[in-house]
Amino acid sequence: MKATIHNALALTLMLALASVARAGTLEDVQARGVLNCVVSTGVAGFAYPDDAGEWHGFDVDFCRATAAAVLGDPKAIKAVTSTGKTRFTLLNAGEGDVLWRNTTITFSRDVGVKLRFHGVNYYDGQGFMVPKALGVSSAKELDGASVCIQTGTTTELNLADYFHSNGMKYEAVTIETNDEARQNYLAGRCDVYTTDASGLAATRSTFTNPDDHVVLPEIISKEPLGPATRHGDDQWSDIVTWVLNATVTAEEKGVTSANVDEMRSSSKDPEVLRLLGAEGNQGAELGLEADWAYNIIKSVGNYGEIFERNIGVNTPIGLARGLNALWTDGGLQYSPPFR
Amino acid sequence: MTGPGAPAPYAPGTHPDLPPPVRTTGVVGWARQNLFSSPFNVVLTLLGVWFLASVIPPMAEWALVKSIWTAESRAECWGKMAVPEEAACWAFIKGRLSLFVYGFYPVEERWRVDLSFVLLVFAIVPVLYDRLPGRRHWFWYVAAFPFLAGWLLVGGFGLAPVETDQFGGFMLTLIIGVTGISFSLPIGIALALGRTSSMPVLRILCVLFIEFIRGVPLIALLFVASTMLNYFLPPGTSFDLLMRVLIMVTLFASAYIAEVVRGGLQGVPKGQAEAADSLGLSYWKAQRLIVLPQALKISIPGIVNTFIGLYKDTTLVLIIGMLDPLGIGRASLADAVWAGLAREVYLFIAVFFFVCCFGMSRYSLYLERKLDTGRESEK
Chain A
1 MKATIHNALA
11 LTLMLALASV
21 ARAGTLEDVQ
31 ARGVLNCVVS
41 TGVAGFAYPD
51 DAGEWHGFDV
61 DFCRATAAAV
71 LGDPKAIKAV
81 TSTGKTRFTL
91 LNAGEGDVLW
101 RNTTITFSRD
111 VGVKLRFHGV
121 NYYDGQGFMV
131 PKALGVSSAK
141 ELDGASVCIQ
151 TGTTTELNLA
161 DYFHSNGMKY
171 EAVTIETNDE
181 ARQNYLAGRC
191 DVYTTDASGL
201 AATRSTFTNP
211 DDHVVLPEII
221 SKEPLGPATR
231 HGDDQWSDIV
241 TWVLNATVTA
251 EEKGVTSANV
261 DEMRSSSKDP
271 EVLRLLGAEG
281 NQGAELGLEA
291 DWAYNIIKSV
301 GNYGEIFERN
311 IGVNTPIGLA
321 RGLNALWTDG
331 GLQYSPPFR
Chain B
340 MTGPGAPAPY
350 APGTHPDLPP
360 PVRTTGVVGW
370 ARQNLFSSPF
380 NVVLTLLGVW
390 FLASVIPPMA
400 EWALVKSIWT
410 AESRAECWGK
420 MAVPEEAACW
430 AFIKGRLSLF
440 VYGFYPVEER
450 WRVDLSFVLL
460 VFAIVPVLYD
470 RLPGRRHWFW
480 YVAAFPFLAG
490 WLLVGGFGLA
500 PVETDQFGGF
510 MLTLIIGVTG
520 ISFSLPIGIA
530 LALGRTSSMP
540 VLRILCVLFI
550 EFIRGVPLIA
560 LLFVASTMLN
570 YFLPPGTSFD
580 LLMRVLIMVT
590 LFASAYIAEV
600 VRGGLQGVPK
610 GQAEAADSLG
620 LSYWKAQRLI
630 VLPQALKISI
640 PGIVNTFIGL
650 YKDTTLVLII
660 GMLDPLGIGR
670 ASLADAVWAG
680 LAREVYLFIA
690 VFFFVCCFGM
700 SRYSLYLERK
710 LDTGRESEK
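Residue numbers (the working numbering), protein chains in the order written: chain A, 1 to 339; chain B, 340 to 718.
So that you can see chain A by itself, here it is in the shape it has in the complex (with noise of 0.2 Å):
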């Protein structure tokens, strides 16, 4: 008898497992012709819809060239919105294969929630926003102030960290969402406003006088940003990891979405030739087509066009390249070789 229920319970474990392990992402995504990507719900040039629907964006963007690698086609996407509160989840549920969103890199979320990261499309930090009539030059110079900070997130321990071991008070005004600290801030309710630099430059954007008013130097925390896929998928991990990958290379080798053709049939580099599948046989390796990153440099463009018409210094975002300008110019964007 006991026999008999450890052979059923065997029996059911094992019909279980069978259903767990589905086809890999790939043929998934493949077979469907559209690629899921979990973004946000909306973050001031990372991702947001226009008038007609479309979604836009630095990370949707990222998006698009993973489904023109893929798919070949950067408009087969399907965006999943997701708070930061599902987002995980949407992913490890199999709602999204892939999510670009705005997604500090950290220990827990890596191992805990058991992702896979693959990189960093933009490297962030939590900087400080103060009125210039206030004449505060360094953030060590806001003892006793009010700061404007959003409830829940990362930056609100950033900022008790920052001001606690620099000996200083300070007294919170928590708000929710960056409208809010925006009105908030304006009307003068908290001296210094306080999230990641790329939220405070799109806040700033949007002021009737952006010049009166400064983001102090100081960086207090790391926010490094990049895309994630669930445990369990290494093709379709390594997929993802080469895709941002192929867009810093192409920037780093001056291949655009402009002089990709060219580039393709006279460059006289190796790795270009590589990059953009006319030699060598990447592509096949990776479980694509030969042009896999050709498609991505073509439809998207290389990680620098995708910066500039996004958030860079052109937009109302208004963002310089700072940390992610490529490490040859100073910065931190680096890709390892396609060889």
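FYI, nobody ran anything at the bench for these hints, they're computed from the structure. One thing to keep in mind: the hints can contain errors.
Stated by the list, open to error - Using C-beta positions, here's what the derived DEER-type ranges look like:
hint : chain 1 : residue 1 : chain 2 : residue 2 : range
1    : B       : Ala-421   : A       : Ala-133   : 21 to 29 Å
2    : A       : Leu-134   : B       : Gly-494   : 50 to 58 Å
3    : A       : Asn-314   : B       : Pro-445   : 28 to 36 Å
4    : B       : Val-460   : A       : Glu-218   : 31 to 39 Å
Stated by the list, open to error - If you want a taste of the chain A side facing chain B, the calculated C-beta under 7 Å gives, among others:
hint : residue
5    : Asp-179
6    : Thr-208
7    : Pro-210
8    : Ile-317
Said to hold, decoys possible - Straight-line Cα separation of at most 30 Å, DSS-like style, residue types lysine-lysine; simulated pairs:
hint : chain 1 : residue 1 : chain 2 : residue 2
9    : A       : Lys-298   : A       : Lys-253
10   : A       : Lys-78    : B       : Lys-651
11   : A       : Lys-268   : A       : Lys-222
12   : A       : Lys-132   : B       : Lys-419
13   : B       : Lys-624   : B       : Lys-609
14   : A       : Lys-78    : B       : Lys-433
15   : A       : Lys-85    : A       : Lys-222
16   : A       : Lys-75    : B       : Lys-609
17   : A       : Lys-169   : A       : Lys-132
18   : B       : Lys-624   : A       : Lys-85
Every residue, glycine too, gets a C-beta built ideally from N, C-alpha and C.
Given the coordinates of chain A, assemble chain B onto it according to the supplied hints.
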């Protein structure tokens, strides 16, 4: 004019009726009676007038007089004003109206949403207006409407399928609100009857259900719907998120309706049910013909209150990543071209919800007056 001693020009009993004194009729009389009847009321009236005079003109100027209706970006909008940010920039809302109404529903299929809305109006009228000719026959259509609308919106069977995560905006609010309202009423009544029933098992089950749902916040139920169910259900089963939300919202509203209706049931004197028993009516007949009509009449304000609460609670789906009007508004504010126009967005959404909820509450007043067979208001 005659002096006090002069004889009356009229014979006794023939004096014509004089109009009442000017000070007690018309605008003056109304104002004296309602606005200036005591020194305290005079002060209150003056305060009120001062408040309105200082709030309404600037608001009207901001929202209407100086507002900008055509522009391509926030910068252009503010550039058109004498002082940037001094007035509303409705061009933003105008440009995004279709996004606010339809969400991400495919443009070429949006006629299906419009048609569903028209059908909804035709389905609501017979329910709300009892003097409609042939109302009895209309109810067949009303019963078929949810399935008809579901087919139109989701597609299949000849129509191009549209996934429910493309739904958004006001359309999503209406879908969740209408579904929740129309399904929670019958379920709620059944639960209330179950809770007051004399059958112990049924009663305990109903009590457990109602108390469980009432003891848990709606937001927790929505999180369960959006995240936990994925782990409970076998992998690979995809159970539509909107469907999960609809079920949770309906169950939640049902529990509240059940308690409101139970209050109504307890307000009906026991003698009514006993009289029905003595006439030999079965349980269902007694409930249907005698108890429930009276109980529901008493419960109308509570029921409508619950409906209005439910309708406004639909904005909570924002937390689980569904883009209702509030979600669309927030996402739109992330567009750097327009960011910074939060006031316009939130005011616009507030007006939409106010119109809907005010309409519901007016209808409930009309219903109360119409069903006021006890002439409570005349006592």
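Hints, verified against the model:
{"no.": "1", "hint": "B:Ala-421 x A:Ala-133: 21 to 29 Å", "result": "holds, 24 Å"}
{"no.": "2", "hint": "A:Leu-134 x B:Gly-494: 50 to 58 Å", "result": "holds, 57 Å"}
{"no.": "3", "hint": "A:Asn-314 x B:Pro-445: 28 to 36 Å", "result": "holds, 33 Å"}
{"no.": "4", "hint": "B:Val-460 x A:Glu-218: 31 to 39 Å", "result": "violated, 59 Å"}
{"no.": "5", "hint": "Asp-179", "result": "holds, 4 Å"}
{"no.": "6", "hint": "Thr-208", "result": "holds, 4 Å"}
{"no.": "7", "hint": "Pro-210", "result": "violated, 11 Å"}
{"no.": "8", "hint": "Ile-317", "result": "holds, 5 Å"}
{"no.": "9", "hint": "A:Lys-298 x A:Lys-253", "result": "holds, 15 Å"}
{"no.": "10", "hint": "A:Lys-78 x B:Lys-651", "result": "holds, 28 Å"}
{"no.": "11", "hint": "A:Lys-268 x A:Lys-222", "result": "violated, 39 Å"}
{"no.": "12", "hint": "A:Lys-132 x B:Lys-419", "result": "holds, 27 Å"}
{"no.": "13", "hint": "B:Lys-624 x B:Lys-609", "result": "holds, 16 Å"}
{"no.": "14", "hint": "A:Lys-78 x B:Lys-433", "result": "holds, 26 Å"}
{"no.": "15", "hint": "A:Lys-85 x A:Lys-222", "result": "holds, 21 Å"}
{"no.": "16", "hint": "A:Lys-75 x B:Lys-609", "result": "violated, 67 Å"}
{"no.": "17", "hint": "A:Lys-169 x A:Lys-132", "result": "holds, 21 Å"}
{"no.": "18", "hint": "B:Lys-624 x A:Lys-85", "result": "violated, 50 Å"}
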